[in-house]
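Protein chains: 2
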Amino acid sequence: MTQSRSLEPDLVFAARLADAAWAAIRVHFRQLDGVDDKSGAGDTAAFDPVTEADRAAEAAMRDLVAAERPGDGVTGEEFDDTPSSTGYRWYFDPIDGTRAFVAGLPVWTTLIALVDPDGVPVIGVIDQPVVGERYLGWPGGARLDTHTGSHPIRVSDCEDLRRATIATTDPFIFTPSEQGAWNHLRATARITRYGLDAYGYARVAAGTIDLVAESGLKSWDVAALIPVVRGAGGLATDWRGNTPKLGGQIVCTSSQAVLDQALLALKRAAD
Amino acid sequence: MTQSRSLEPDLVFAARLADAAWAAIRVHFRQLDGVDDKSGAGDTAAFDPVTEADRAAEAAMRDLVAAERPGDGVTGEEFDDTPSSTGYRWYFDPIDGTRAFVAGLPVWTTLIALVDPDGVPVIGVIDQPVVGERYLGWPGGARLDTHTGSHPIRVSDCEDLRRATIATTDPFIFTPSEQGAWNHLRATARITRYGLDAYGYARVAAGTIDLVAESGLKSWDVAALIPVVRGAGGLATDWRGNTPKLGGQIVCTSSQAVLDQALLALKRAAD
Numbered sequence: 001m002t003q004s005r006s007l008e009p010d011l012v013f014a015a016r017l018a019d020a021a022w023a024a025i026r027v028h029f030r031q032l033d034g035v036d037d038k039s040g041a042g043d044t045a046a047f048d049p050v051t052e053a054d055r056a057a058e059a060a061m062r063d064l065v066a067a068e069r070p071g072d073g074v075t076g077e078e079f080d081d082t083p084s085s086t087g088y089r090w091y092f093d094p095i096d097g098t099r100a101f102v103a104g105l106p107v108w109t110t111l112i113a114l115v116d117p118d119g120v121p122v123i124g125v126i127d128q129p130v131v132g133e134r135y136l137g138w139p140g141g142a143r144l145d146t147h148t149g150s151h152p153i154r155v156s157d158c159e160d161l162r163r164a165t166i167a168t169t170d171p172f173i174f175t176p177s178e179q180g181a182w183n184h185l186r187a188t189a190r191i192t193r194y195g196l197d198a199y200g201y202a203r204v205a206a207g208t209i210d211l212v213a214e215s216g217l218k219s220w221d222v223a224a225l226i227p228v229v230r231g232a233g234g235l236a237t238d239w240r241g242n243t244p245k246l247g248g249q250i251v252c253t254s255s256q257a258v259l260d261q262a263l264l265a266l267k268r269a270a271d
Numbered sequence: 001m002t003q004s005r006s007l008e009p010d011l012v013f014a015a016r017l018a019d020a021a022w023a024a025i026r027v028h029f030r031q032l033d034g035v036d037d038k039s040g041a042g043d044t045a046a047f048d049p050v051t052e053a054d055r056a057a058e059a060a061m062r063d064l065v066a067a068e069r070p071g072d073g074v075t076g077e078e079f080d081d082t083p084s085s086t087g088y089r090w091y092f093d094p095i096d097g098t099r100a101f102v103a104g105l106p107v108w109t110t111l112i113a114l115v116d117p118d119g120v121p122v123i124g125v126i127d128q129p130v131v132g133e134r135y136l137g138w139p140g141g142a143r144l145d146t147h148t149g150s151h152p153i154r155v156s157d158c159e160d161l162r163r164a165t166i167a168t169t170d171p172f173i174f175t176p177s178e179q180g181a182w183n184h185l186r187a188t189a190r191i192t193r194y195g196l197d198a199y200g201y202a203r204v205a206a207g208t209i210d211l212v213a214e215s216g217l218k219s220w221d222v223a224a225l226i227p228v229v230r231g232a233g234g235l236a237t238d239w240r241g242n243t244p245k246l247g248g249q250i251v252c253t254s255s256q257a258v259l260d261q262a263l264l265a266l267k268r269a270a271d
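Chains S and A are the protein sequences, given in the same order.
Each residue of the first sequence is one higher than the one before, starting from 1 at the first, in the working numbering.
Each residue of the second sequence is one higher than the one before, starting from 1 at the first, in the working numbering.
Bear in mind the hints are in silico, worked out from the structure with no lab data behind them.
Accuracy of the hints is not assured; some may be wrong.
[Said to hold, decoys possible] Example chain A residues on the side facing chain S (calculated, C-beta under 7 Å, incomplete):
no.: 1; residue: 30
no.: 2; residue: 102
no.: 3; residue: 103
no.: 4; residue: 131
no.: 5; residue: 191
no.: 6; residue: 195
no.: 7; residue: 203
[What the hints assert, rightly or not] Selected chain S positions facing chain A (Cβ under 10 Å, derived; list incomplete):
no.: 8; residue: 27
no.: 9; residue: 30
no.: 10; residue: 104
no.: 11; residue: 107
no.: 12; residue: 132
no.: 13; residue: 186
no.: 14; residue: 190
no.: 15; residue: 192
[Unchecked claim] DEER-style ranges, computed between Cβ atoms:
no.: 16; chain 1: A; residue 1: 243; chain 2: S; residue 2: 175; range: 42 to 50 Å
no.: 17; chain 1: A; residue 1: 256; chain 2: S; residue 2: 132; range: 35 to 43 Å
no.: 18; chain 1: S; residue 1: 173; chain 2: A; residue 2: 176; range: 16 to 24 Å
no.: 19; chain 1: S; residue 1: 147; chain 2: A; residue 2: 27; range: 14 to 22 Å
no.: 20; chain 1: A; residue 1: 119; chain 2: S; residue 2: 63; range: 37 to 45 Å
no.: 21; chain 1: A; residue 1: 243; chain 2: S; residue 2: 243; range: 42 to 50 Å
no.: 22; chain 1: A; residue 1: 176; chain 2: S; residue 2: 151; range: 44 to 52 Å
no.: 23; chain 1: S; residue 1: 118; chain 2: A; residue 2: 176; range: 45 to 53 Å
Quantities reported herein were computed from a predicted structural model and do not represent experimental measurements.
Ideal placement from N, C-alpha and C gives every residue a C-beta, glycine not left out.
Full structure from sequences and hints, please.
This is the structure in structure tokens:
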């Protein structure tokens, strides 16, 4: 592997990747004409929509990497991994929250991450272009770019799960033990929200949600979240409180206190 | 009561009411400093957030009605009813989806309706100012106004609940029999979304959601939805398929076929 590189050009490049993704996606949003069903046409319970937009956006981002970061690897949902000669690897999820996308809701996001040779996500972008919000994180900082400007973001000062606003994507996809843990959190917290996918983590970073816990995630779901949440002063661990893997169970919180309270329940359902 | 009046000036006026509401709300969104708990500080399970924004926005709209529609009545969540001498009554919910608002999510809405002397909602506005979307409905039409223009909206052509995207606000607030009915719909439909409050009905009107079913609604929750969904070609009934009351159980669908399929389950839990 190589020595670590300056991340500032990569942060600028990551924002350009997000622009390229939206250019490919925007003609399809609320104009669906290519909803496929990865899980088989007859399996409505496990419907997993993928659109032309997803494929076109990932292809656009991969083209940019091939042209401007040819040594970096790419991992994404839609196409095979490409090799890395630099040790750095980009992770793309062009449309995280495909169900929200299909339903025409402005809470799906484009996820972009750069992972360093040690496997640590060092740049994360959570982009919601319909609302015009781009959340960016890097070691030591995070910011929100909108059409009217850019400002640093910071997690809330919530220290008590009983006062917390919490979120998970789907209360019905948990395993039974995960469901039990989640029900404990839900019964303890003040407000619970569903269906946000990565947008929930963006709002942890921006201070209006205090905890998100999910399971069954893929590497391209997770990699972008960690730098954004950590850069804003939050915590990201697995359900045992350890360094999260790029996938599986993850919990992000505004504070160590909220994390500790949540882990009392989450640990019992940890993989 | 009086004879019916031309609604075009009222539609323009309703849009001005939405502007006034957002002017009062925007300084508070994601800047929460006045979250109250109507249900009592110790009752976290039934937390019902209300903000200064809610009160300020309703007051601003009431002031406009008093100045420009002094004979019309007003019903809203935050203040007492005012009398009507015209037979017409405005219904205001400045922040429908207070939990989404507190969580900093762009899916809360401002609801504005005008109900005629026969009790029929004839104008509805579902306004989401963060995204910049204003859904308006009236007898025979509906449109979506955004920062870049205005265009007519139309429900989807979905005729099959098995292919439908459906939504309800909270799967955990139903009564047991309502929960049973909802579980039937959820198991049948293709995609289910939660936490949308009135924004879900707006997306029924705009053709990306095919059914929303809810219960326990108040008059100011319901009155604005009906003209928007009906104006876009959709259907709005109670859970028996009858003309909805201004409150309680409501179901809105893109088509009679989806409604008929849903009523098979909903009727069993109808009030």
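These are the hints, each one checked on the structure:
no.	hint	verdict
1	30	6 Å, holds
2	102	6 Å, holds
3	103	5 Å, holds
4	131	5 Å, holds
5	191	5 Å, holds
6	195	5 Å, holds
7	203	5 Å, holds
8	27	15 Å, violated
9	30	6 Å, holds
10	104	3 Å, holds
11	107	7 Å, holds
12	132	9 Å, holds
13	186	8 Å, holds
14	190	5 Å, holds
15	192	8 Å, holds
16	A:243 <-> S:175: 42 to 50 Å	44 Å, holds
17	A:256 <-> S:132: 35 to 43 Å	38 Å, holds
18	S:173 <-> A:176: 16 to 24 Å	23 Å, holds
19	S:147 <-> A:27: 14 to 22 Å	18 Å, holds
20	A:119 <-> S:63: 37 to 45 Å	59 Å, violated
21	A:243 <-> S:243: 42 to 50 Å	58 Å, violated
22	A:176 <-> S:151: 44 to 52 Å	46 Å, holds
23	S:118 <-> A:176: 45 to 53 Å	52 Å, holds
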